[in-house]
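J.: Protein sequence lines correspond, in order, to chains A and B.
Each residue of the first sequence is one higher than the last, beginning at -16 in the working numbering.
Each residue of the second sequence is one higher than the last, beginning at 482 in the working numbering.
Incorrect hints may have been included.
Claimed, not checked - No farther apart than 20 Å at their CA atoms in a straight line, the calculated lysine to any residue pairs in the SDA-like style are these:
{"id": "1", "chain 1": "B", "residue 1": "555", "chain 2": "A", "residue 2": "-5"}
{"id": "2", "chain 1": "B", "residue 1": "545", "chain 2": "A", "residue 2": "279"}
{"id": "3", "chain 1": "B", "residue 1": "545", "chain 2": "A", "residue 2": "0"}
{"id": "4", "chain 1": "A", "residue 1": "363", "chain 2": "A", "residue 2": "383"}
{"id": "5", "chain 1": "B", "residue 1": "555", "chain 2": "A", "residue 2": "48"}
{"id": "6", "chain 1": "B", "residue 1": "550", "chain 2": "A", "residue 2": "417"}
{"id": "7", "chain 1": "B", "residue 1": "550", "chain 2": "A", "residue 2": "-9"}
{"id": "8", "chain 1": "B", "residue 1": "545", "chain 2": "A", "residue 2": "51"}
{"id": "9", "chain 1": "A", "residue 1": "417", "chain 2": "A", "residue 2": "447"}
{"id": "10", "chain 1": "B", "residue 1": "555", "chain 2": "A", "residue 2": "50"}
{"id": "11", "chain 1": "B", "residue 1": "543", "chain 2": "B", "residue 2": "489"}
{"id": "12", "chain 1": "B", "residue 1": "555", "chain 2": "A", "residue 2": "45"}
{"id": "13", "chain 1": "B", "residue 1": "555", "chain 2": "A", "residue 2": "363"}
{"id": "14", "chain 1": "B", "residue 1": "555", "chain 2": "A", "residue 2": "90"}
{"id": "15", "chain 1": "B", "residue 1": "555", "chain 2": "A", "residue 2": "84"}
{"id": "16", "chain 1": "A", "residue 1": "363", "chain 2": "A", "residue 2": "377"}
{"id": "17", "chain 1": "B", "residue 1": "545", "chain 2": "A", "residue 2": "47"}
{"id": "18", "chain 1": "B", "residue 1": "555", "chain 2": "A", "residue 2": "49"}
{"id": "19", "chain 1": "A", "residue 1": "41", "chain 2": "A", "residue 2": "84"}
{"id": "20", "chain 1": "B", "residue 1": "550", "chain 2": "A", "residue 2": "26"}
{"id": "21", "chain 1": "B", "residue 1": "543", "chain 2": "A", "residue 2": "-9"}
{"id": "22", "chain 1": "B", "residue 1": "555", "chain 2": "A", "residue 2": "69"}
{"id": "23", "chain 1": "B", "residue 1": "535", "chain 2": "B", "residue 2": "545"}
{"id": "24", "chain 1": "A", "residue 1": "419", "chain 2": "A", "residue 2": "430"}
{"id": "25", "chain 1": "A", "residue 1": "23", "chain 2": "A", "residue 2": "75"}
{"id": "26", "chain 1": "B", "residue 1": "545", "chain 2": "A", "residue 2": "41"}
The hints are simulated quantities; they were obtained by calculation from the structure and are not laboratory data.
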Amino acid sequence: MAGIYVANYGNVENDGLSWETPKRSIQSAFDTSFNPVYAKGFYREALNGYRSLIAVGKLVIDGTLLNNGFINSSNGNLISGVTIQNFIAIQVAGSVRIKLDNCIIRNFVDFNFVENSTTRGIFNCLIVNCNKVTLPYGSIFHNNNVIYNTDLSLFLSSSIPESLDTIYNIISECNVAIGKNPVQIKYSLFHNCTFKFTGGGIGSDETEYSIPNGANDAEKLANLRSRLAAVYGGSASQYLIGCKYQTDGDLFINPDKENFYLVPGCTASRMSYEGGCIGKYPEGSLADFATDFASYSNIDANGDIIDQTVNATAETNISDLGKLRHISSLKALGERAIRNGNEININANLGAEVDPGTLLIDGATYIVRTEAISLTASGKSRDVGETFIASATDGLEFTSDTGYVQQYIFDLDRTIEMKVSKTDSVLSTAVWIKLKLDEMPMVNYDANGVVQYGNADDNYDEASAERMYIRYWKAKITVQAKNLPA
Amino acid sequence: MYQVSENIYFDESLSFNEQSEEFINYAQSVFSTIDFTDMSNMQSDNTCTWTVKKDGLRFIAKRKFINSKMYTVKEHLFNVEIIE
Chain A
-16 MAGIYVANYG NVENDGLSWE TPKRSIQSAF DTSFNPVYAK GFYREALNGY
34 RSLIAVGKLV IDGTLLNNGF INSSNGNLIS GVTIQNFIAI QVAGSVRIKL
84 DNCIIRNFVD FNFVENSTTR GIFNCLIVNC NKVTLPYGSI FHNNNVIYNT
134 DLSLFLSSSI PESLDTIYNI ISECNVAIGK NPVQIKYSLF HNCTFKFTGG
184 GIGSDETEYS IPNGANDAEK LANLRSRLAA VYGGSASQYL IGCKYQTDGD
234 LFINPDKENF YLVPGCTASR MSYEGGCIGK YPEGSLADFA TDFASYSNID
284 ANGDIIDQTV NATAETNISD LGKLRHISSL KALGERAIRN GNEININANL
334 GAEVDPGTLL IDGATYIVRT EAISLTASGK SRDVGETFIA SATDGLEFTS
384 DTGYVQQYIF DLDRTIEMKV SKTDSVLSTA VWIKLKLDEM PMVNYDANGV
434 VQYGNADDNY DEASAERMYI RYWKAKITVQ AKNLPA
Chain B
482 MYQVSENIYF DESLSFNEQS EEFINYAQSV FSTIDFTDMS NMQSDNTCTW
532 TVKKDGLRFI AKRKFINSKM YTVKEHLFNV EIIE
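Bound conformation, chain A alone:
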């Protein structure tokens, strides 16, 4: 069927069959039997009807003062190349059965693209400065779009059984709410967005953190997986730059998918139950010390311990989720060290200096410091850095001219160190506190709102403890090394 033409220099009486005799309004063209509608210019009108609208040059449809939706009834409309702005909504009622291609959508109050067809959606569009944009995904494609400066809600439409991909979008400076999985937002760039992951379905939200249920780590993790949003980012989500992840529940990203990466600068507003499952590196992979840590000591650029007799430390300026990421890296560090003939136990702590003349504890593990020693019973000498298990057979007394030993204390809670404060944004008065990683972060504040002790600190007072809401933190990791026994 032949098309019909609309231009600002047209009039109602024109037949609209050429650019020489165009219609004056788009609706007047929609009301004819001609399709598609070619238009150029600036129009302020609300539309109704089943027609495709194709911009020829610049075409702006403006809803200022109309207090209305852009189109009232649609079915298979292709809207191409049009700037649509200042409307209340895209459509007043029913499904939005249009395909937006190469359009600019801006200044909408509520752009809710309720759609239920695989052939429609939003492609190659720029969506900017909208109060609210809701893009259900599922059998709908929303591809190759740029969405900027809006509240964006992405969720799986419950009415759509299929699940296809929403890919290749750039979402920048947006507050993004992502609904229950399966989320399939792939190959998209999230830049400087604030994220809110919700679990339990559209509209539901885990506003209260609770300890994951389960008898062991595997069960707790399964419990978390069942109640939290999981994000499968797609391989290009390694381009998540400067994002903020805000979740009232834990943020969980499944590294098994190996498709969701976080980069320095990403932040999260909450700790995770299982740090090893969050971060750039899947658990067990290798850390990049040169770029991952702002400073480190006794560790070479490959992550290997240099001096086995002293603690190795690594510190990063990456906040929040980066912290968790480096817990994963720490494990990687341990694996690397093991391959080099060493062992690292991130949960181990060294006890106080034990000097000659003090009895060792039968069955306890010790590391030799500063000088070789010998046990009296067996007379066996040990080198600096060597570990051994004290036993009554060997004798619990030891000799050394100047050396001493320290006990290895295993099986400590998995902890994290951080500086936090209620009131001091630059943390100038804050002290390092220790928190247990897999428990609710409870701390003791002083009168000025400065955290004094975490729930893994020796002076922690459970009775006066308050819950701490973590938004930003700075990682500081200490690892300890020892030689493997011969």
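Once you've looked at the hints, dock chain B against the given chain A.
T.: Here is chain B on its own, set in the frame of chain A:
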């Protein structure tokens, strides 16, 4: 609840926009048969109304024009009533 066909029902207690997806689709197909270019019923308040009767229902389309001479529509209003 007024039954139009096997799967299409009209709930007279709801506004047009609150009707079911199936009914809205059906109603829009009816409204699409209207010749909106016939504005002989144009009122002084810049509104024009068209009515179609089908399947025992009265389909009323109303447009508020910004400028009827320029054929620019401010608002498209739709309503459906049961014919008594």
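J.: Give a verdict on every hint.
T.: Quick rundown of the hints versus the structure:
Annotation: proposed proximity of residue 555 of chain B to residue -5 of chain A holds, straight-line Cα distance about 16 Å (limit 20 Å). Using a Cα cut-off of 20 Å, the hinted pair residue 545 of chain B and residue 279 of chain A is violated, with the two alpha carbons roughly 71 Å apart. As the CA atoms of residue 545 of chain B and residue 0 of chain A are separated by approximately 26 Å, the hinted pair breaks the 20 Å bound. Between the alpha carbons of residue 363 of chain A and residue 383 of chain A the distance comes to roughly 12 Å, so the proposed pair stays at or under 20 Å and holds.
Only pairs whose Cα atoms come within 20 Å are accepted, and residue 555 of chain B paired with residue 48 of chain A is accepted, the gap being roughly 9 Å. Note on residue 550 of chain B and residue 417 of chain A: the hinted pairing is violated, with a Cα-Cα distance of about 75 Å set against a maximum of 20 Å. For the suggested pair residue 550 of chain B and residue -9 of chain A, the alpha carbons sit about 13 Å apart, so the restraint of at most 20 Å is met. Proposed proximity of residue 545 of chain B and residue 51 of chain A is supported: the alpha carbons are some 11 Å apart, at most 20 Å.
Straight-line distance between C-alpha atoms of residue 417 of chain A and residue 447 of chain A comes to about 16 Å, which keeps the hinted pair within the 20 Å bound. The hinted pair formed by residue 555 of chain B and residue 50 of chain A meets the criterion: a straight-line CA distance of about 8 Å does not exceed 20 Å. Taken as a hint, the residue 543 of chain B and residue 489 of chain B pair is broken in the structure, with Cα atoms around 23 Å apart against an allowance of 20 Å. Proposed proximity of residue 555 of chain B and residue 45 of chain A is supported: the alpha carbons are some 11 Å apart, at most 20 Å.
Using a Cα cut-off of 20 Å, the hinted pair residue 555 of chain B and residue 363 of chain A is violated, with the two alpha carbons roughly 97 Å apart. Our distance criterion of 20 Å between C-alpha atoms is met by residue 555 of chain B and residue 90 of chain A, whose separation comes to about 18 Å. Restraint check: the Cα-Cα separation between residue 555 of chain B and residue 84 of chain A comes to about 25 Å, which exceeds 20 Å; the hinted pair is violated. For the proposed pair residue 363 of chain A and residue 377 of chain A, the alpha carbon gap of about 8 Å is at most 20 Å, so the pair holds.
Under the criterion of a C-alpha separation no larger than 20 Å, the hint pairing residue 545 of chain B with residue 47 of chain A is consistent with the structure, at around 15 Å. Of the pairs offered as hints, the one joining residue 555 of chain B and residue 49 of chain A holds, with about 6 Å between alpha carbons and a cut-off of 20 Å not exceeded. Proposed proximity of residue 41 of chain A and residue 84 of chain A is supported: the alpha carbons are some 14 Å apart, at most 20 Å. A C-alpha spacing of about 14 Å is found between residue 550 of chain B and residue 26 of chain A, which places the hinted pair at or below 20 Å, so the restraint holds.
For the hint linking residue 543 of chain B to residue -9 of chain A, the alpha-carbon distance of about 25 Å lies beyond 20 Å, and the restraint is violated. The suggested pairing of residue 555 of chain B with residue 69 of chain A holds, with an alpha-carbon distance near 13 Å, which does not exceed 20 Å. Among the hinted pairs, residue 535 of chain B with residue 545 of chain B is inconsistent with the structure: their alpha-carbon atoms are about 24 Å apart, more than 20 Å. Proximity of residue 419 of chain A to residue 430 of chain A is assessed by CA-CA distance (about 23 Å); at most 20 Å being required, the pair is judged violated.
A distance of roughly 25 Å separates the Cα atoms of residue 23 of chain A and residue 75 of chain A; the hinted pair therefore is violated under the 20 Å criterion. With a C-alpha separation of about 27 Å, the suggested pair residue 545 of chain B and residue 41 of chain A falls outside the 20 Å cut-off, and the hint is violated.
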